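Chains as they are written, first to last, in our numbering: chain A, 1 to 398; chain B, 399 to 753.
Be aware that a few hints might be false.
As the list claims (entries may be wrong) - Calculated lysine-lysine pairs in the DSBU-like style (CA-CA distance at most 30 Å, straight line):
(1) Lys395(A) / Lys72(A)
(2) Lys689(B) / Lys623(B)
(3) Lys364(A) / Lys310(A)
(4) Lys683(B) / Lys254(A)
(5) Lys364(A) / Lys318(A)
(6) Lys465(B) / Lys229(A)
(7) Lys4(A) / Lys26(A)
(8) Lys622(B) / Lys119(A)
(9) Lys414(B) / Lys683(B)
(10) Lys742(B) / Lys188(A)
(11) Lys119(A) / Lys742(B)
(12) Lys48(A) / Lys119(A)
(13) Lys318(A) / Lys682(B)
(14) Lys465(B) / Lys318(A)
To be verified - Interface residues of chain A toward chain B, partial, derived using beta-carbon atoms under 7 Å:
(15) Thr272
(16) Leu286
(17) Gln293
Said to hold, decoys possible - Chain A is nowhere near these chain B residues, computed Cβ spacing over 10 Å in every case:
(18) Leu412
(19) Glu423
(20) Glu455
(21) Ala598
(22) Arg735
(23) Val736
Read the hints as simulated data drawn from the structure, not as lab findings.
Bear in mind the structure is a predicted one, so any value in this text is a computation, not a measurement.
Each residue gets a CB set at the ideal place from its N, CA and C atoms; glycine is no exception.
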Amino acid sequence: MILKLKNLPIRLLLPKNKAAIFDDKKQLPPFSDEIITVLSQLGLFLMKEGRSEPSIVAAGYWLRKKLLLTMKSQYGEQYLSAKGAAFHIAPGNVDTLFFYSMIISVLCGNQTILRISNKLSEETQFFIHLLNTFFAKHPEFSAVQSLMNIVQYDHACLAGNEITQQLSLFADVRVIWGGDNTVKEISKIPLKSTACNITFPDRYSVAVIQLESEQQVEQAVNNLLTDIKPFYQQACSSPKAIYWLKTAQKLQEKFWLLLADKLAQQVSLSSTDLISRLVYLQRLPLLFVDGQQNHLSVSRYEMLQQVGVKYLPLEVIKAHCGLWILLSLQIQCLTDIQLFEHCQTVTVSGIDKIVIQHWQQSVKLARSQTVKRIVPAGQALTFSHIWDGVDLINKLTS
Amino acid sequence: MDWDKLIELPIYQLNKADKMPIFNEHLIQLAQHHYQQSENYRDIINFLYQGSVFENEVPALAVRLFKHHLLKSINDKDIFKITTSSGTTSQQVSRIVLDKENISRQQKILVKIVQQWLGRKRLPMLIIDHPNVIKDKFSYSARGVGIQGLSLFGHHHTYALNEDMTLNMNAIEEFFEKYTAEPVFIFGFTFIIWQYFIQALKKEKTKAQFCLRNATLLHSGGWKKLQEQAVSNQEFTAQCQQVLGKVNVHNFYGMVEQTGTIYVECELGYLHCPVWSDVIIRSKKDLTPEKNGVEGIIQVNSLLPTSYPGHALLTEDLGVLLGEDDCACGRKGKYFRVNGRLAKAEVRGCSDTQA
Chain A
1 MILKLKNLPI RLLLPKNKAA IFDDKKQLPP FSDEIITVLS QLGLFLMKEG RSEPSIVAAG
61 YWLRKKLLLT MKSQYGEQYL SAKGAAFHIA PGNVDTLFFY SMIISVLCGN QTILRISNKL
121 SEETQFFIHL LNTFFAKHPE FSAVQSLMNI VQYDHACLAG NEITQQLSLF ADVRVIWGGD
181 NTVKEISKIP LKSTACNITF PDRYSVAVIQ LESEQQVEQA VNNLLTDIKP FYQQACSSPK
241 AIYWLKTAQK LQEKFWLLLA DKLAQQVSLS STDLISRLVY LQRLPLLFVD GQQNHLSVSR
301 YEMLQQVGVK YLPLEVIKAH CGLWILLSLQ IQCLTDIQLF EHCQTVTVSG IDKIVIQHWQ
361 QSVKLARSQT VKRIVPAGQA LTFSHIWDGV DLINKLTS
Chain B
399 MDWDKLIELP IYQLNKADKM PIFNEHLIQL AQHHYQQSEN YRDIINFLYQ GSVFENEVPA
459 LAVRLFKHHL LKSINDKDIF KITTSSGTTS QQVSRIVLDK ENISRQQKIL VKIVQQWLGR
519 KRLPMLIIDH PNVIKDKFSY SARGVGIQGL SLFGHHHTYA LNEDMTLNMN AIEEFFEKYT
579 AEPVFIFGFT FIIWQYFIQA LKKEKTKAQF CLRNATLLHS GGWKKLQEQA VSNQEFTAQC
639 QQVLGKVNVH NFYGMVEQTG TIYVECELGY LHCPVWSDVI IRSKKDLTPE KNGVEGIIQV
699 NSLLPTSYPG HALLTEDLGV LLGEDDCACG RKGKYFRVNG RLAKAEVRGC SDTQA
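The whole structure should be built from the sequences, with the hints applied where relevant.
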């Protein structure tokens with residue numbers, strides 16, 4: 001089937017200056033040598049040309065041939081074929097996630113159409129510019145390029161809704177990032193009867209830290225900083241709360257001071273953000289049920305706002321606005337961590353591997369709780385093809 | 399608080415040295431009242447502002463808090479009305495809890511202030527809106543509250559628009575013919591006046607011009623939509639006068655969260671603080687008090703609210719404090735300008751694909 005979006009207000013950002021015409025016959029075998037060659041070349045190009053932007057370098061690094069081949073070997077035993085056309089709705093402003101969503105889909109050989117936000121950061125504009133530059137330089141990669149389409153349109157207006165409808169009916173699989181509201185809204189728009197949705201609803205993440213000596217403090221601070229500094233701590237995999245496992249108060253204090261210092265040097269907030277942060281802080285005691293708010297304490301640094309809590313109600317974490325507010329809790333063992341279904345990533349720092357494995361087992365056994373992803377501190381934002389418990393490769397192939 | 403005395407204070411005549419001791423004393427009393435009566439307010443103060451409470455400065459609540467929580471300092475049985483903001487620009491609306499005493503006080507203060515600009519006599523009143531906007535009795539929208547509140551200053555209330563926002567030309571012509579020679583009062587929201595009244599009248603072929611001889615037009619409600627069309631305050635006033643005739647145009651600033659204490663623009667185009675309220679401009683960088691002449695975030699303090707803790711509010715509006723006690727119009731107190739709203743909070747997380 002060929003989809004022509006004529007006379008509709010849609011802009012094609014990649015490939016630039018082309019008409020929005022998509023053909024679901026254009027697909028390749030998943031993990032084909034051609035795809036892996038082109039993507040690993042693209043990775044090298046991004047690392048070189050995008051070196052001013054750490055997120056672009058990270059994306060380039062992620063495309064290294066070795067990693068792509070490892071992924072292939074994990075799935076290579078199975079006979080896989082592409083789904084056909086994949087329509088991705090990228091998250092608002094976690095600037096680089098759009099890329100991973102698209103790349104995984106292209107790796108699976110799908111004709112991929114990615115819708116991104118109308119408001120792009122300079123970083124993302126530069127990123128897309130690099131993609132265009134790369135393919136302009138390599139006309140021989142056109143087969144793989146034709147799988148990659150980035151579009152932009154105003155989804156809120158009538159014509160925009162028409163575009164979403166047509167793309168949805170064209171798609172064999174639709175990937176919806178962007179939390180509960182977006183999932184709810186987009187899911188109302190019908191798909192082909194044979195097509196399926198992959199959805200990513202609202203999630204939050206936490207960190208568990210155990211410190212035993214002063215020497216460990218700086219590394220732990222740096223790792224947390226890596227996880228919370230990008231995207232104003234608003235990415236769903238950035239930790240919002242820290243569980244301190246049997247860690248002396250003195251070490252915690254040292255940690256907070258150093259973190260506060262580094263944050264103040266590296267980030268700043270707009271007035272709008274200052275107000276959003278104040279709103280959350282003022283809401284905090286009102287989000288606890290009777291009596292529990294009395295256990296709250298707060299240390300306000302220039303940038304960092306550290307809030308001591310005894311319990312962590314879901315409402316408190318759901319309302320969290322990022323902007324470098326960290327909730328802090330004390331635990332004696334990992335099973336003290338109260339996990340909700342909404343918990344996505346747990347980063348761990350300074351904790352024995354066996355202890356973690358044991359905990360993971362017990363959580364699995366209890367079944368009432370799930371930990372979708374446990375990663376070492378510092379890797380919260382590293383993309384994985386298994387995201388939020390969803391095996392994307394599996395879902396994007398048949 | 400002794401409202402019998404407070405209400406008699408001269409509205410624009412006290413200078414700083416005379417006003418602030420009275421104002422601050424009462425603001426602190428009011429903060430203590432809310433601390434005792436509102437559990438939520440007490441929790442917020444205990445959590446964030448312990449220690450310094452009420453000694454020099456009364457902490458301001460973020461006005462957005464009223465969109466998330468119903469904050470009250472009275473018993474449920476005493477709630478007489480809950481007013482809401484219009485909610486045109488955001489989905490969530492503020493909810494403000496009022497008892498009879500507060501509603502009555504808001505009205506009285508509003509009367510006092512508006513009389514300074516309209517005179518004491520009720521005037522024939524043209525409302526630039528449609529009559530159904532004030533229909534719902536228990537939950538008024540901000541538009542309804544505004545119209546309801548200012549209706550007190552008029553008689554022969556005439557609505558200029560039909561429910562579909564088209565001109566009700568019969569009503570308008572009848573009103574203007576009847577009252578051409580005498581003072582009249584025209585009220586509406588800035589954007590509605592501009593778009594559905596002034597611009598619509600200009601398009602009307604038959605009688606695009608009227609010759610009012612003594613009218614006062616009060617308007618309020620934000621400039622955002624007009625800024626998008628690049629319409630300045632001066633342009634707005636000029637076009638009103640061109641279409642309507644001799645009319646004094648006064649913008650005013652106010653919000654549903656502090657109904658009553660409105661800030662009316664003087665002949666020189668500056669908004670004036672009445673004696674029962676205070677304006678503080680806060681730094682865009684760290685929310686500390688800002689110098690005169692520098693744009694910052696507007697905080698409004700008011701002595702009126704006792705049924706809800708809205709006595710000190712940090713708005714999401716930007717403004718500049720221009721001076722105190724020395725406006726060339728002769729009025730005492732602080733005077734300022736409103737520059738618009740803060741940029742909307744950008745959703746950066748994975749949790750939104752809107753925008």
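Hint check results:
1. Lys395(A) / Lys72(A): holds, 15 Å
2. Lys689(B) / Lys623(B): holds, 29 Å
3. Lys364(A) / Lys310(A): Status holds; Cα separation ~25 Å.
4. Lys683(B) / Lys254(A): It holds: about 27 Å lies between the C-alpha atoms, which stays within 30 Å.
5. Lys364(A) / Lys318(A): Roughly 24 Å between the alpha carbons, so the hint for lysine 364(A) and lysine 318(A) holds.
6. Lys465(B) / Lys229(A): holds, 29 Å
7. Lys4(A) / Lys26(A): Between lysine 4(A) and lysine 26(A) the Cα gap is close to 14 Å, so the pair holds against 30 Å.
8. Lys622(B) / Lys119(A): With a Cα-Cα distance of about 20 Å, the restraint between lysine 622(B) and lysine 119(A) holds, given a limit of 30 Å.
9. Lys414(B) / Lys683(B): Distance ~27 Å between lysine 414(B) and lysine 683(B) Cα, so the pair holds.
10. Lys742(B) / Lys188(A): It holds: about 27 Å lies between the C-alpha atoms, which stays within 30 Å.
11. Lys119(A) / Lys742(B): Distance of about 13 Å is within 30 Å: holds.
12. Lys48(A) / Lys119(A): Since the Cα atoms of lysine 48(A) and lysine 119(A) sit roughly 26 Å apart, the hinted pair holds (cutoff 30 Å).
13. Lys318(A) / Lys682(B): Holds - the C-alpha atoms of lysine 682(B) and lysine 318(A) are around 27 Å apart, at most 30 Å.
14. Lys465(B) / Lys318(A): The given pair, whose Cα atoms are some 16 Å apart, holds under the 30 Å limit.
15. Thr272: Since chain B brings a Cβ to about 5 Å from threonine 272(A), closer than 7 Å, the hint holds.
16. Leu286: holds, 5 Å
17. Gln293: With a closest approach of 5 Å, the glutamine 293(A) hint holds.
18. Leu412: holds, 31 Å
19. Glu423: Non-interface label stands for glutamate 423(B): nearest chain A Cβ at 25 Å, farther than 10 Å.
20. Glu455: It holds; glutamate 455(B) is separated from chain A by about 15 Å at its closest Cβ, greater than 10 Å.
21. Ala598: holds, 25 Å
22. Arg735: holds, 17 Å
23. Val736: Non-interface label on valine 736(B) holds, nearest chain A Cβ at 15 Å vs cutoff 10 Å.
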